[in-house]
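Let the sequences and hints guide you as you build the complete structure.
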Amino acid sequence: MNDLDLATQKRLSDLTEQLRVNDPLSVTREEFLEEVKARVAEKLPARLRSLKPEYVISELQSASQRQRHQIFIHSVGTVQHVGNGIATLSGLPMVFLEELVTFPNGVQGMVLNLDRKHVDVILFGDDTGIRGGDVAVATGKRLSVPVGLSFLGRVVDPLGRPLDEKRTIVPSEFRSVERIAPGVIDRAPVDTPLFTGTKIVDALLPLGRGQRELIIGDRQVGKTTLALDAILSQKGTDVRCVYVSIGQKKTSVLRAVETLKAGGVMNQTTVMVSSPDDPPALRYLAPYAGVTLAEFLLDNGMDVLIVYDDLSKHADTYREMSLLLRRPPGREAYPGDIFYLHSRLLERACRLNEAHGGGSITALPIATTQRGNISSYIVTNLISITDGQIVLDADEFNKGNKPAIDIGRSVSRVGSAAQEPAMKSVVKALKLELSQYEEVARFARFGTEVNEATRKQIERGQRLNALLQQGPNQPVLFEDQVVQFYAITQGFMDEIKPERVSVFAHEMVSYLHIYAAQSMDAIKYERSLSEEVREDLNQALGAFLGLWDQKVKQNK
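Straight run, no breaks: the sequence shown in this note's numbering ends on number 537.
Certain hints may be false.
Claimed, not checked - Label-pair restraints from in silico Cβ distances:
#1 GLN443 to LYS505: 28 to 36 Å
#2 GLU328 to ASP107: 27 to 35 Å
#3 ALA44 to ILE166: 57 to 65 Å
Claimed, not checked - In silico DSBU-like pairs for lysine-lysine, Cα to Cα no more than 35 Å straight-line:
#4 LYS231 to LYS383
#5 LYS380 to LYS505
#6 LYS478 to LYS532
#7 LYS437 to LYS412
#8 LYS242 to LYS405
#9 LYS380 to LYS478
#10 LYS505 to LYS437
#11 LYS532 to LYS505
#12 LYS231 to LYS147
#13 LYS147 to LYS122
#14 LYS216 to LYS505
#15 LYS437 to LYS534
#16 LYS383 to LYS230
Quick caveat, the hints were computed from the structure, so don't treat them as lab data.
All C-beta atoms in this analysis are idealised placements derived from N, C-alpha and C, irrespective of residue type, glycine included.
The following block contains the structure:
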(Lines of atoms letter the chains of each structure in order from A and count residues from 1; the text may use other names and numbers.)
(Lines give C-alpha, C1' and ligand atoms only; values in the text may rest on other atoms or scores of the structure.)
Protein backbone atom coordinates (compact mmCIF):
# COMPACT_ATOMS: atom_id res chain seq x y z
CA MET A 1 0.00 0.00 0.00
CA ASN A 2 1.52 3.33 -1.07
CA ASP A 3 1.30 6.76 0.59
CA LEU A 4 -1.70 7.88 -1.52
CA ASP A 5 -3.77 4.92 -0.44
CA LEU A 6 -2.89 5.51 3.22
CA ALA A 7 -3.94 9.19 3.00
CA THR A 8 -7.22 8.27 1.34
CA GLN A 9 -8.03 5.66 3.96
CA LYS A 10 -7.29 8.12 6.81
CA ARG A 11 -9.52 10.78 5.21
CA LEU A 12 -12.42 8.34 4.88
CA SER A 13 -12.13 7.25 8.50
CA ASP A 14 -12.16 10.88 9.73
CA LEU A 15 -15.24 11.66 7.63
CA THR A 16 -17.05 8.58 8.99
CA GLU A 17 -16.36 9.67 12.59
CA GLN A 18 -17.64 13.20 11.86
CA LEU A 19 -20.92 11.92 10.45
CA ARG A 20 -21.39 9.60 13.46
CA VAL A 21 -21.00 12.48 15.90
CA ASN A 22 -22.94 15.18 14.00
CA ASP A 23 -25.21 13.74 11.30
CA PRO A 24 -27.40 16.56 9.70
CA LEU A 25 -29.96 14.00 8.56
CA SER A 26 -30.57 12.69 12.05
CA VAL A 27 -32.18 15.97 13.25
CA THR A 28 -35.85 15.68 14.18
CA ARG A 29 -38.55 17.80 12.54
CA GLU A 30 -39.12 19.94 15.66
CA GLU A 31 -35.40 20.66 16.07
CA PHE A 32 -35.08 21.67 12.38
CA LEU A 33 -38.03 24.12 12.59
CA GLU A 34 -36.70 25.72 15.78
CA GLU A 35 -33.29 26.20 14.16
CA VAL A 36 -34.86 27.86 11.06
CA LYS A 37 -36.96 30.20 13.22
CA ALA A 38 -33.92 31.24 15.19
CA ARG A 39 -31.96 32.08 12.04
CA VAL A 40 -34.89 34.09 10.57
CA ALA A 41 -35.35 36.01 13.83
CA GLU A 42 -31.69 37.01 13.75
CA LYS A 43 -32.02 38.53 10.24
CA LEU A 44 -35.42 40.30 10.67
CA PRO A 45 -35.62 43.67 12.50
CA ALA A 46 -37.44 43.91 15.80
CA ARG A 47 -41.23 44.10 15.38
CA LEU A 48 -43.00 47.08 16.80
CA ARG A 49 -45.65 46.22 19.35
CA SER A 50 -47.75 49.29 18.29
CA LEU A 51 -47.45 51.98 15.57
CA LYS A 52 -46.78 55.31 17.22
CA PRO A 53 -47.79 58.56 15.40
CA GLU A 54 -44.22 59.86 15.49
CA TYR A 55 -42.96 56.72 13.75
CA VAL A 56 -45.65 56.91 11.02
CA ILE A 57 -44.96 60.63 10.34
CA SER A 58 -41.22 60.07 10.08
CA GLU A 59 -41.70 57.19 7.67
CA LEU A 60 -44.04 59.27 5.47
CA GLN A 61 -41.63 62.19 5.47
CA SER A 62 -38.72 60.00 4.41
CA ALA A 63 -40.84 58.38 1.65
CA SER A 64 -41.99 61.77 0.33
CA GLN A 65 -38.40 63.00 0.18
CA ARG A 66 -37.46 60.01 -1.92
CA GLN A 67 -40.41 60.58 -4.32
CA ARG A 68 -39.78 62.76 -7.43
CA HIS A 69 -42.62 65.14 -8.21
CA GLN A 70 -43.64 65.88 -11.82
CA ILE A 71 -46.24 68.26 -13.20
CA PHE A 72 -47.84 67.45 -16.57
CA ILE A 73 -49.59 70.19 -18.54
CA HIS A 74 -51.83 69.00 -21.36
CA SER A 75 -53.40 71.18 -24.00
CA VAL A 76 -57.01 70.04 -24.33
CA GLY A 77 -59.89 71.04 -26.55
CA THR A 78 -63.59 70.38 -26.91
CA VAL A 79 -65.15 68.92 -30.05
CA GLN A 80 -67.58 71.42 -31.57
CA HIS A 81 -68.36 69.65 -34.84
CA VAL A 82 -67.29 66.43 -36.53
CA GLY A 83 -68.05 64.96 -39.96
CA ASN A 84 -66.56 63.98 -43.34
CA GLY A 85 -63.23 63.17 -41.68
CA ILE A 86 -62.84 66.69 -40.22
CA ALA A 87 -63.26 67.71 -36.55
CA THR A 88 -63.55 71.33 -35.37
CA LEU A 89 -62.34 71.94 -31.81
CA SER A 90 -62.32 74.86 -29.42
CA GLY A 91 -59.57 75.27 -26.88
CA LEU A 92 -56.13 73.74 -27.52
CA PRO A 93 -54.36 77.04 -26.71
CA MET A 94 -50.81 75.71 -27.17
CA VAL A 95 -51.31 73.49 -30.22
CA PHE A 96 -49.15 73.96 -33.33
CA LEU A 97 -49.69 73.18 -37.01
CA GLU A 98 -49.45 69.48 -37.98
CA GLU A 99 -49.52 68.42 -34.31
CA LEU A 100 -51.22 65.13 -33.46
CA VAL A 101 -54.42 65.20 -31.40
CA THR A 102 -55.94 62.15 -29.64
CA PHE A 103 -59.70 61.70 -29.31
CA PRO A 104 -61.55 59.67 -26.63
CA ASN A 105 -62.16 56.71 -28.97
CA GLY A 106 -58.41 56.36 -29.63
CA VAL A 107 -58.46 57.87 -33.13
CA GLN A 108 -55.73 60.39 -33.85
CA GLY A 109 -55.88 63.45 -36.06
CA MET A 110 -53.56 66.15 -37.36
CA VAL A 111 -54.10 69.89 -36.99
CA LEU A 112 -54.31 71.60 -40.39
CA ASN A 113 -56.10 74.87 -39.59
CA LEU A 114 -55.39 77.34 -36.79
CA ASP A 115 -57.90 80.09 -36.01
CA ARG A 116 -58.33 82.43 -33.07
CA LYS A 117 -61.29 80.59 -31.62
CA HIS A 118 -61.02 77.09 -33.07
CA VAL A 119 -58.75 74.58 -34.78
CA ASP A 120 -59.57 72.08 -37.54
CA VAL A 121 -58.23 68.54 -37.35
CA ILE A 122 -58.19 65.87 -40.07
CA LEU A 123 -58.92 62.39 -38.72
CA PHE A 124 -56.78 59.32 -39.48
CA GLY A 125 -59.60 56.94 -38.65
CA ASP A 126 -63.36 56.56 -38.44
CA ASP A 127 -65.21 59.38 -36.66
CA THR A 128 -67.69 56.91 -35.15
CA GLY A 129 -67.80 57.47 -31.39
CA ILE A 130 -66.65 61.08 -31.52
CA ARG A 131 -69.40 63.47 -30.42
CA GLY A 132 -69.75 67.14 -29.72
CA GLY A 133 -68.45 67.97 -26.26
CA ASP A 134 -65.80 65.24 -26.22
CA VAL A 135 -62.39 66.28 -24.91
CA ALA A 136 -59.40 65.89 -27.23
CA VAL A 137 -55.81 66.03 -25.99
CA ALA A 138 -52.84 67.44 -27.92
CA THR A 139 -49.84 65.09 -27.89
CA GLY A 140 -47.13 67.68 -28.55
CA LYS A 141 -45.77 65.50 -31.39
CA ARG A 142 -45.78 65.80 -35.15
CA LEU A 143 -46.92 62.96 -37.34
CA SER A 144 -44.24 60.32 -37.93
CA VAL A 145 -44.50 57.01 -39.76
CA PRO A 146 -42.52 53.78 -39.31
CA VAL A 147 -39.83 52.98 -41.88
CA GLY A 148 -37.33 50.18 -42.40
CA LEU A 149 -36.16 47.36 -44.64
CA SER A 150 -38.84 45.12 -43.12
CA PHE A 151 -41.46 46.96 -45.20
CA LEU A 152 -40.08 45.49 -48.43
CA GLY A 153 -42.39 42.78 -49.75
CA ARG A 154 -45.37 44.04 -47.76
CA VAL A 155 -48.69 45.78 -48.44
CA VAL A 156 -49.32 48.56 -45.90
CA ASP A 157 -51.48 51.63 -45.35
CA PRO A 158 -50.01 55.17 -45.10
CA LEU A 159 -49.55 54.79 -41.33
CA GLY A 160 -47.43 51.65 -41.81
CA ARG A 161 -50.08 49.17 -40.66
CA PRO A 162 -49.91 45.85 -42.59
CA LEU A 163 -52.84 44.99 -44.87
CA ASP A 164 -51.59 41.61 -46.11
CA GLU A 165 -52.35 39.57 -42.96
CA LYS A 166 -48.71 38.55 -42.55
CA ARG A 167 -46.50 38.90 -39.49
CA THR A 168 -46.20 42.19 -37.61
CA ILE A 169 -43.72 44.63 -39.14
CA VAL A 170 -40.89 45.73 -36.85
CA PRO A 171 -39.75 49.19 -38.05
CA SER A 172 -36.16 50.40 -37.93
CA GLU A 173 -37.23 53.90 -36.86
CA PHE A 174 -39.97 56.53 -37.08
CA ARG A 175 -39.64 59.55 -39.36
CA SER A 176 -41.62 62.73 -39.83
CA VAL A 177 -43.57 62.74 -43.10
CA GLU A 178 -42.56 66.33 -43.83
CA ARG A 179 -38.91 66.86 -44.67
CA ILE A 180 -37.01 69.52 -46.59
CA ALA A 181 -35.63 68.20 -49.89
CA PRO A 182 -31.82 67.87 -50.23
CA GLY A 183 -30.06 71.00 -51.42
CA VAL A 184 -28.20 71.51 -54.68
CA ILE A 185 -24.79 70.97 -53.07
CA ASP A 186 -25.85 67.54 -51.79
CA ARG A 187 -27.01 66.32 -55.21
CA ALA A 188 -25.23 64.70 -58.15
CA PRO A 189 -26.04 64.93 -61.89
CA VAL A 190 -28.57 62.46 -63.26
CA ASP A 191 -26.43 60.34 -65.59
CA THR A 192 -27.02 56.72 -64.47
CA PRO A 193 -29.66 54.92 -66.58
CA LEU A 194 -32.81 53.45 -65.07
CA PHE A 195 -33.96 50.65 -67.36
CA THR A 196 -37.76 50.43 -67.73
CA GLY A 197 -38.11 47.44 -70.08
CA THR A 198 -40.41 49.42 -72.42
CA LYS A 199 -38.68 49.69 -75.79
CA ILE A 200 -40.08 53.04 -76.84
CA VAL A 201 -39.17 54.61 -73.47
CA ASP A 202 -35.65 53.20 -73.21
CA ALA A 203 -34.88 54.10 -76.80
CA LEU A 204 -36.50 57.52 -77.22
CA LEU A 205 -37.33 58.78 -73.70
CA PRO A 206 -34.53 57.38 -71.51
CA LEU A 207 -34.82 57.78 -67.75
CA GLY A 208 -32.02 58.32 -65.26
CA ARG A 209 -31.77 57.49 -61.58
CA GLY A 210 -32.94 60.53 -59.66
CA GLN A 211 -35.23 61.79 -62.44
CA ARG A 212 -38.92 62.73 -62.14
CA GLU A 213 -40.86 61.63 -65.22
CA LEU A 214 -44.58 62.34 -65.39
CA ILE A 215 -46.94 59.81 -67.01
CA ILE A 216 -50.14 61.45 -68.26
CA GLY A 217 -53.12 60.29 -70.29
CA ASP A 218 -56.84 59.63 -70.19
CA ARG A 219 -58.41 56.88 -68.13
CA GLN A 220 -57.75 53.27 -69.15
CA VAL A 221 -54.91 53.94 -71.63
CA GLY A 222 -52.14 52.01 -69.87
CA LYS A 223 -50.58 54.52 -67.43
CA THR A 224 -50.41 52.09 -64.50
CA THR A 225 -49.20 49.28 -66.79
CA LEU A 226 -46.30 51.46 -67.96
CA ALA A 227 -45.29 52.18 -64.35
CA LEU A 228 -45.63 48.53 -63.29
CA ASP A 229 -43.45 47.46 -66.24
CA ALA A 230 -40.76 49.81 -64.94
CA ILE A 231 -40.96 48.07 -61.54
CA LEU A 232 -40.91 44.61 -63.13
CA SER A 233 -37.73 45.54 -65.02
CA GLN A 234 -35.88 46.04 -61.72
CA LYS A 235 -35.90 42.30 -61.03
CA GLY A 236 -32.38 41.19 -60.20
CA THR A 237 -31.09 44.78 -59.82
CA ASP A 238 -30.19 46.79 -56.72
CA VAL A 239 -33.20 49.12 -57.16
CA ARG A 240 -35.91 49.00 -54.47
CA CYS A 241 -39.43 50.02 -55.43
CA VAL A 242 -42.36 51.75 -53.73
CA TYR A 243 -45.81 51.71 -55.34
CA VAL A 244 -48.22 54.25 -53.80
CA SER A 245 -51.88 53.76 -54.67
CA ILE A 246 -53.96 56.89 -54.04
CA GLY A 247 -57.71 56.42 -54.25
CA GLN A 248 -57.50 53.49 -56.67
CA LYS A 249 -60.09 50.72 -56.64
CA LYS A 250 -59.15 47.77 -54.45
CA THR A 251 -59.53 45.39 -57.38
CA SER A 252 -56.96 47.43 -59.34
CA VAL A 253 -54.55 47.39 -56.41
CA LEU A 254 -55.01 43.63 -55.96
CA ARG A 255 -54.31 43.12 -59.67
CA ALA A 256 -51.14 45.21 -59.39
CA VAL A 257 -49.93 43.21 -56.37
CA GLU A 258 -50.54 39.93 -58.20
CA THR A 259 -48.60 41.28 -61.21
CA LEU A 260 -45.65 42.19 -59.00
CA LYS A 261 -45.70 38.77 -57.34
CA ALA A 262 -45.88 36.99 -60.70
CA GLY A 263 -42.97 39.11 -61.96
CA GLY A 264 -40.79 38.15 -58.99
CA VAL A 265 -40.20 41.71 -57.72
CA MET A 266 -42.53 41.78 -54.72
CA ASN A 267 -39.67 40.97 -52.35
CA GLN A 268 -38.00 44.29 -53.24
CA THR A 269 -41.20 46.34 -53.44
CA THR A 270 -43.49 48.01 -50.90
CA VAL A 271 -47.10 48.63 -51.88
CA MET A 272 -48.75 51.49 -49.96
CA VAL A 273 -52.53 51.59 -50.33
CA SER A 274 -55.06 54.33 -49.57
CA SER A 275 -58.48 53.22 -50.80
CA PRO A 276 -61.41 55.43 -51.87
CA ASP A 277 -63.28 54.46 -48.70
CA ASP A 278 -60.41 55.57 -46.43
CA PRO A 279 -60.65 58.93 -44.63
CA PRO A 280 -59.45 61.87 -46.77
CA ALA A 281 -56.53 62.33 -44.38
CA LEU A 282 -55.04 58.94 -45.31
CA ARG A 283 -55.37 59.64 -49.04
CA TYR A 284 -53.70 63.01 -48.49
CA LEU A 285 -50.92 61.43 -46.43
CA ALA A 286 -50.17 58.45 -48.73
CA PRO A 287 -47.57 59.96 -51.14
CA TYR A 288 -45.70 61.68 -48.30
CA ALA A 289 -45.55 58.44 -46.31
CA GLY A 290 -44.32 56.63 -49.44
CA VAL A 291 -41.49 59.08 -50.10
CA THR A 292 -40.54 59.01 -46.39
CA LEU A 293 -39.96 55.26 -46.70
CA ALA A 294 -38.02 55.87 -49.94
CA GLU A 295 -35.84 58.46 -48.16
CA PHE A 296 -34.93 55.91 -45.49
CA LEU A 297 -33.62 53.63 -48.25
CA LEU A 298 -31.94 56.64 -49.92
CA ASP A 299 -30.10 57.53 -46.71
CA ASN A 300 -28.78 53.97 -46.62
CA GLY A 301 -27.16 54.44 -50.04
CA MET A 302 -29.84 52.58 -52.05
CA ASP A 303 -31.50 53.41 -55.36
CA VAL A 304 -35.29 53.66 -55.18
CA LEU A 305 -38.06 53.81 -57.79
CA ILE A 306 -41.34 55.28 -56.48
CA VAL A 307 -44.64 55.39 -58.39
CA TYR A 308 -47.49 57.75 -57.38
CA ASP A 309 -50.75 56.39 -58.83
CA ASP A 310 -52.16 58.93 -59.20
CA LEU A 311 -51.60 62.57 -58.20
CA SER A 312 -54.82 63.79 -59.86
CA LYS A 313 -56.80 61.94 -57.21
CA HIS A 314 -54.41 63.28 -54.59
CA ALA A 315 -55.16 66.84 -55.74
CA ASP A 316 -58.90 66.09 -55.66
CA THR A 317 -58.56 64.79 -52.10
CA TYR A 318 -56.71 67.95 -51.05
CA ARG A 319 -59.39 70.09 -52.70
CA GLU A 320 -62.08 68.16 -50.80
CA MET A 321 -60.25 68.66 -47.50
CA SER A 322 -59.59 72.34 -48.18
CA LEU A 323 -63.25 73.06 -48.92
CA LEU A 324 -64.27 71.22 -45.74
CA LEU A 325 -61.69 73.31 -43.86
CA ARG A 326 -63.32 76.46 -45.31
CA ARG A 327 -60.17 77.57 -47.13
CA PRO A 328 -60.74 80.04 -49.98
CA PRO A 329 -61.06 78.21 -53.34
CA GLY A 330 -59.11 79.28 -56.41
CA ARG A 331 -58.92 78.03 -60.00
CA GLU A 332 -61.13 74.94 -60.49
CA ALA A 333 -61.94 75.23 -56.73
CA TYR A 334 -58.41 74.10 -55.80
CA PRO A 335 -56.78 75.96 -52.89
CA GLY A 336 -54.00 78.45 -53.53
CA ASP A 337 -51.21 76.16 -52.30
CA ILE A 338 -52.03 73.25 -54.64
CA PHE A 339 -48.76 73.80 -56.55
CA TYR A 340 -46.75 73.61 -53.32
CA LEU A 341 -48.60 70.41 -52.41
CA HIS A 342 -46.88 68.52 -55.23
CA SER A 343 -43.67 70.52 -55.63
CA ARG A 344 -42.52 69.78 -52.07
CA LEU A 345 -43.33 66.11 -52.70
CA LEU A 346 -41.54 65.68 -56.03
CA GLU A 347 -38.51 67.79 -55.06
CA ARG A 348 -37.61 65.04 -52.60
CA ALA A 349 -36.75 62.80 -55.58
CA CYS A 350 -33.06 63.26 -56.32
CA ARG A 351 -29.69 61.63 -56.72
CA LEU A 352 -27.21 62.31 -53.92
CA ASN A 353 -23.47 62.66 -54.37
CA GLU A 354 -21.02 60.11 -53.00
CA ALA A 355 -20.37 62.18 -49.87
CA HIS A 356 -24.01 61.69 -48.90
CA GLY A 357 -24.26 57.98 -49.78
CA GLY A 358 -24.74 58.12 -53.57
CA GLY A 359 -28.34 56.85 -53.43
CA SER A 360 -31.23 58.06 -55.56
CA ILE A 361 -35.01 58.33 -55.69
CA THR A 362 -36.59 58.15 -59.14
CA ALA A 363 -40.21 59.32 -59.20
CA LEU A 364 -42.86 58.28 -61.73
CA PRO A 365 -45.95 60.36 -60.87
CA ILE A 366 -49.13 59.59 -62.80
CA ALA A 367 -51.79 62.16 -63.72
CA THR A 368 -55.13 61.72 -65.48
CA THR A 369 -56.30 64.01 -68.28
CA GLN A 370 -59.76 64.66 -69.69
CA ARG A 371 -60.03 63.94 -73.44
CA GLY A 372 -56.28 64.36 -73.89
CA ASN A 373 -56.21 67.91 -72.52
CA ILE A 374 -52.69 68.34 -71.12
CA SER A 375 -53.26 72.06 -70.42
CA SER A 376 -55.49 71.47 -67.40
CA TYR A 377 -54.50 73.01 -64.07
CA ILE A 378 -53.02 70.04 -62.20
CA VAL A 379 -51.35 68.54 -65.28
CA THR A 380 -49.56 71.79 -66.19
CA ASN A 381 -48.43 72.15 -62.58
CA LEU A 382 -46.91 68.68 -62.65
CA ILE A 383 -45.31 69.22 -66.07
CA SER A 384 -43.57 72.32 -64.74
CA ILE A 385 -42.32 70.44 -61.66
CA THR A 386 -41.05 67.25 -63.32
CA ASP A 387 -38.11 66.56 -65.66
CA GLY A 388 -40.23 65.41 -68.59
CA GLN A 389 -43.47 63.69 -69.42
CA ILE A 390 -44.70 60.57 -71.20
CA VAL A 391 -48.01 61.35 -72.90
CA LEU A 392 -50.35 58.46 -73.71
CA ASP A 393 -52.81 58.98 -76.55
CA ALA A 394 -56.30 57.48 -76.32
CA ASP A 395 -56.74 57.32 -80.12
CA GLU A 396 -53.53 55.31 -80.56
CA PHE A 397 -54.60 53.03 -77.72
CA ASN A 398 -57.97 52.40 -79.35
CA LYS A 399 -56.18 51.53 -82.61
CA GLY A 400 -54.29 48.79 -80.77
CA ASN A 401 -50.92 50.54 -80.64
CA LYS A 402 -49.61 49.68 -77.18
CA PRO A 403 -47.96 51.34 -75.39
CA ALA A 404 -49.86 54.29 -76.88
CA ILE A 405 -47.11 56.86 -76.33
CA ASP A 406 -47.37 60.12 -78.27
CA ILE A 407 -43.75 60.69 -79.33
CA GLY A 408 -44.39 64.26 -80.48
CA ARG A 409 -45.61 65.46 -77.07
CA SER A 410 -43.42 63.25 -74.87
CA VAL A 411 -39.98 64.31 -73.72
CA SER A 412 -37.26 63.35 -71.25
CA ARG A 413 -35.24 66.41 -70.25
CA VAL A 414 -32.36 64.21 -69.11
CA GLY A 415 -32.26 62.48 -72.49
CA SER A 416 -29.24 60.60 -73.75
CA ALA A 417 -27.16 61.75 -70.76
CA ALA A 418 -28.75 58.80 -68.95
CA GLN A 419 -28.49 56.26 -71.77
CA GLU A 420 -26.12 53.35 -72.18
CA PRO A 421 -23.56 53.69 -75.02
CA ALA A 422 -24.89 50.56 -76.76
CA MET A 423 -28.45 51.93 -76.87
CA LYS A 424 -27.32 55.43 -77.76
CA SER A 425 -25.37 54.17 -80.79
CA VAL A 426 -28.36 52.39 -82.37
CA VAL A 427 -31.23 54.83 -81.71
CA LYS A 428 -29.69 58.15 -82.75
CA ALA A 429 -32.14 58.95 -85.54
CA LEU A 430 -35.17 56.90 -84.52
CA LYS A 431 -37.18 59.75 -82.98
CA LEU A 432 -36.69 61.90 -86.06
CA GLU A 433 -37.66 59.00 -88.31
CA LEU A 434 -40.83 58.36 -86.33
CA SER A 435 -41.83 62.02 -86.38
CA GLN A 436 -41.24 62.22 -90.16
CA TYR A 437 -43.19 59.00 -90.67
CA GLU A 438 -46.21 60.37 -88.78
CA GLU A 439 -46.20 63.53 -90.89
CA VAL A 440 -45.78 61.75 -94.24
CA ALA A 441 -48.29 59.01 -93.37
CA ARG A 442 -50.88 61.68 -92.60
CA PHE A 443 -50.74 62.88 -96.20
CA ALA A 444 -50.75 59.34 -97.56
CA ARG A 445 -54.02 58.62 -95.76
CA PHE A 446 -55.78 61.15 -97.97
CA GLY A 447 -54.77 59.27 -101.11
CA THR A 448 -51.96 61.63 -102.06
CA GLU A 449 -49.57 60.09 -104.57
CA VAL A 450 -46.07 59.64 -103.17
CA ASN A 451 -42.78 58.86 -104.85
CA GLU A 452 -40.67 55.76 -104.30
CA ALA A 453 -38.46 57.34 -101.60
CA THR A 454 -41.48 58.52 -99.63
CA ARG A 455 -43.14 55.11 -99.94
CA LYS A 456 -40.01 53.43 -98.55
CA GLN A 457 -39.93 55.98 -95.74
CA ILE A 458 -43.53 55.13 -94.85
CA GLU A 459 -42.83 51.38 -94.92
CA ARG A 460 -39.75 51.84 -92.76
CA GLY A 461 -41.80 53.89 -90.30
CA GLN A 462 -44.45 51.18 -90.20
CA ARG A 463 -41.81 48.56 -89.42
CA LEU A 464 -40.30 50.73 -86.72
CA ASN A 465 -43.73 51.41 -85.25
CA ALA A 466 -44.46 47.67 -85.24
CA LEU A 467 -41.12 46.94 -83.57
CA LEU A 468 -41.92 49.39 -80.77
CA GLN A 469 -45.21 47.64 -79.96
CA GLN A 470 -45.16 45.66 -76.75
CA GLY A 471 -47.65 43.69 -74.67
CA PRO A 472 -48.56 44.63 -71.09
CA ASN A 473 -46.32 43.39 -68.27
CA GLN A 474 -43.76 42.03 -70.74
CA PRO A 475 -40.59 44.06 -70.17
CA VAL A 476 -37.83 43.43 -72.71
CA LEU A 477 -34.23 42.83 -71.65
CA PHE A 478 -31.65 45.51 -72.41
CA GLU A 479 -29.53 43.34 -74.72
CA ASP A 480 -32.66 42.18 -76.59
CA GLN A 481 -33.68 45.77 -77.22
CA VAL A 482 -30.23 46.71 -78.49
CA VAL A 483 -30.07 43.91 -81.06
CA GLN A 484 -33.63 44.60 -82.25
CA PHE A 485 -32.87 48.27 -82.86
CA TYR A 486 -29.50 47.34 -84.39
CA ALA A 487 -31.21 44.99 -86.82
CA ILE A 488 -33.77 47.56 -88.00
CA THR A 489 -31.24 50.42 -88.31
CA GLN A 490 -28.79 48.23 -90.25
CA GLY A 491 -31.44 47.20 -92.77
CA PHE A 492 -31.95 43.58 -91.73
CA MET A 493 -35.71 44.16 -91.51
CA ASP A 494 -36.16 46.13 -94.73
CA GLU A 495 -37.78 43.17 -96.52
CA ILE A 496 -39.98 42.11 -93.59
CA LYS A 497 -43.67 42.95 -93.77
CA PRO A 498 -44.77 45.28 -90.92
CA GLU A 499 -47.31 42.78 -89.59
CA ARG A 500 -44.53 40.14 -89.30
CA VAL A 501 -41.96 42.36 -87.60
CA SER A 502 -42.86 41.35 -84.02
CA VAL A 503 -42.62 37.61 -84.88
CA PHE A 504 -39.35 38.20 -86.74
CA ALA A 505 -37.88 40.14 -83.79
CA HIS A 506 -38.90 37.47 -81.27
CA GLU A 507 -37.40 34.60 -83.26
CA MET A 508 -34.30 36.65 -84.08
CA VAL A 509 -33.59 37.31 -80.38
CA SER A 510 -34.00 33.61 -79.56
CA TYR A 511 -31.61 32.71 -82.38
CA LEU A 512 -28.98 35.23 -81.25
CA HIS A 513 -29.06 34.00 -77.66
CA ILE A 514 -28.02 30.57 -79.00
CA TYR A 515 -25.68 31.34 -81.91
CA ALA A 516 -24.27 34.72 -80.79
CA ALA A 517 -24.36 34.21 -77.03
CA GLN A 518 -20.92 35.74 -76.50
CA SER A 519 -21.92 38.98 -78.23
CA MET A 520 -25.21 39.12 -76.29
CA ASP A 521 -23.27 38.74 -73.03
CA ALA A 522 -20.86 41.48 -74.13
CA ILE A 523 -23.78 43.85 -74.72
CA LYS A 524 -25.34 42.89 -71.38
CA TYR A 525 -22.25 43.39 -69.23
CA GLU A 526 -20.15 45.92 -71.16
CA ARG A 527 -23.21 47.99 -72.23
CA SER A 528 -21.49 48.95 -75.49
CA LEU A 529 -21.18 47.76 -79.11
CA SER A 530 -17.57 47.09 -80.06
CA GLU A 531 -16.45 46.41 -83.63
CA GLU A 532 -15.97 42.74 -82.81
CA VAL A 533 -19.52 42.51 -81.50
CA ARG A 534 -20.89 44.30 -84.57
CA GLU A 535 -19.13 41.87 -86.92
CA ASP A 536 -20.42 38.88 -84.98
CA LEU A 537 -23.96 40.29 -84.99
CA ASN A 538 -23.83 41.03 -88.71
CA GLN A 539 -22.77 37.47 -89.42
CA ALA A 540 -25.41 35.94 -87.12
CA LEU A 541 -28.18 38.25 -88.41
CA GLY A 542 -27.27 37.40 -92.01
CA ALA A 543 -27.52 33.70 -91.24
CA PHE A 544 -30.86 34.16 -89.47
CA LEU A 545 -32.22 36.22 -92.37
CA GLY A 546 -31.39 33.35 -94.73
CA LEU A 547 -33.25 30.91 -92.48
CA TRP A 548 -36.22 33.29 -92.29
CA ASP A 549 -36.39 33.55 -96.10
CA GLN A 550 -36.40 29.75 -96.38
CA LYS A 551 -39.19 29.55 -93.81
CA VAL A 552 -41.27 32.14 -95.71
CA LYS A 553 -40.83 30.25 -99.00
CA GLN A 554 -41.86 26.97 -97.40
CA ASN A 555 -45.00 28.56 -95.96
CA LYS A 556 -45.96 29.83 -99.39
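Status of each hint after checking the structure:
1. GLN443 to LYS505: 28 to 36 Å: For GLN443 and LYS505 the Cβ distance comes to about 30 Å; the hint holds.
2. GLU328 to ASP107: 27 to 35 Å: Given range 27 to 35 Å: holds, Cβ gap about 33 Å.
3. ALA44 to ILE166: 57 to 65 Å: 58 Å, holds
4. LYS231 to LYS383: 25 Å, holds
5. LYS380 to LYS505: 34 Å, holds
6. LYS478 to LYS532: 14 Å, holds
7. LYS437 to LYS412: Holds: LYS437 and LYS412 sit about 17 Å apart, inside 35 Å.
8. LYS242 to LYS405: 32 Å, holds
9. LYS380 to LYS478: 19 Å, holds
10. LYS505 to LYS437: Satisfied, since the Cα-Cα distance of roughly 33 Å is no more than 35 Å.
11. LYS532 to LYS505: Roughly 30 Å between the alpha carbons, so the hint for LYS532 and LYS505 holds.
12. LYS231 to LYS147: 18 Å, holds
13. LYS147 to LYS122: Answer holds: LYS147 to LYS122 is near 29 Å, not above 35 Å.
14. LYS216 to LYS505: Between LYS216 and LYS505 the Cα gap is close to 15 Å, so the pair holds against 35 Å.
15. LYS437 to LYS534: 23 Å, holds
16. LYS383 to LYS230: Holds, at roughly 23 Å.
The structure agrees with every numbered hint stated previously.
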